[in-house]
Amino acid sequence: MAADLSQVKALTFDVFGTVVDWRKSIVADLSAFGAKKAIAADWAGLTDDWRGAYRPTLNKVIAGELPWAKLDDLHRGVLDGLLAKYGVKGLSEEEKDHVNKVWHRLNGWPDSVPGLTRLKKKFFIATLSNGNVALLANMGKHAGLPWDCILSAELYRGYKREPKIYIGACETLGLKRHEVMMVAAHGDDLDAARKQGLKTAYVARPGEYAPGREPQVKAEGNYDVEAKDFLELAAKLGA
Numbered sequence: 001m002a003a004d005l006s007q008v009k010a011l012t013f014d015v016f017g018t019v020v021d022w023r024k025s026i027v028a029d030l031s032a033f034g035a036k037k038a039i040a041a042d043w044a045g046l047t048d049d050w051r052g053a054y055r056p057t058l059n060k061v062i063a064g065e066l067p068w069a070k071l072d073d074l075h076r077g078v079l080d081g082l083l084a085k086y087g088v089k090g091l092s093e094e095e096k097d098h099v100n101k102v103w104h105r106l107n108g109w110p111d112s113v114p115g116l117t118r119l120k121k122k123f124f125i126a127t128l129s130n131g132n133v134a135l136l137a138n139m140g141k142h143a144g145l146p147w148d149c150i151l152s153a154e155l156y157r158g159y160k161r162e163p164k165i166y167i168g169a170c171e172t173l174g175l176k177r178h179e180v181m182m183v184a185a186h187g188d189d190l191d192a193a194r195k196q197g198l199k200t201a202y203v204a205r206p207g208e209y210a211p212g213r214e215p216q217v218k219a220e221g222n223y224d225v226e227a228k229d230f231l232e233l234a235a236k237l238g239a
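Quick note on numbering: our numbering labels position 97 of the sequence shown as 97, and the sequence is numbered without any gaps.
One thing to keep in mind: the hints can contain errors.
Pairwise CB distance ranges, derived in the manner of DEER restraints [claimed, not checked]:
1) K9 to K85: 40 to 48 Å
2) K89 to R177: 44 to 52 Å
3) A38 to K122: 30 to 38 Å
Here are the computed lysine-lysine pairs in the BS3-like style, where the Cα-Cα straight-line distance is at most 27 Å [unchecked claim]:
4) K9 to K228
5) K122 to K24
6) K36 to K121
7) K70 to K85
8) K9 to K121
9) K164 to K60
10) K236 to K9
11) K228 to K60
Hints in this document: simulated from the structure, not taken from any laboratory.
Backbone N, C-alpha and C define an ideal beta-carbon position, used for all residues, glycine too.
Please take these sequences and the hints and turn them into a complete structure.
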């Protein structure tokens, strides 16, 4: 039986991997930085390890093993160790900050801007990401993403998949939970949103990770909508 989506008024989007191609963007950006600074390093390996530390670090914050901090600061804590691991030496604090803020300079998938633009005509569209507000706002300007609103886990002093993130987003939007649809390429995010009463849309992003680096997360499936990209999602939602 098809899901009743007639009452959906807003779409909230996971961003890293769902809206932006973080891996290709970071490898290209840091490779250019390395070439400019005459630093030879395995930038792809550093990128993969950096992202690989993302979920374990957030889980430590959620469990109370680390104090809450915005994602920029968590990224920097991981980066310092990775620069040493990959033999990147002699960077100034300003240069380290530039490298850390590569997450502010990510590019969208080819369908992201046209798909979001179509969806925006029918729905209120907002981020719902673990990225902090400044990161998401800068990224939006860099990639030309047409958000109506920037919502971040930072606003709720937590991280997805904590229930308060999804509940808080609905309250901020002034909508009931069934009036909000979470859009993501990650089943664990959608499963957590669905448990709080949000509608769900799965958009596949098969090129997000390096081959063999995909996280082994079992998704429950049975989402309200599944699409290959945002253009197909817009078509399925009548936008």
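Hints that the structure is at odds with (numbers, increasing): Hints 3, 5, 6 and 11 contradicted; others consistent.
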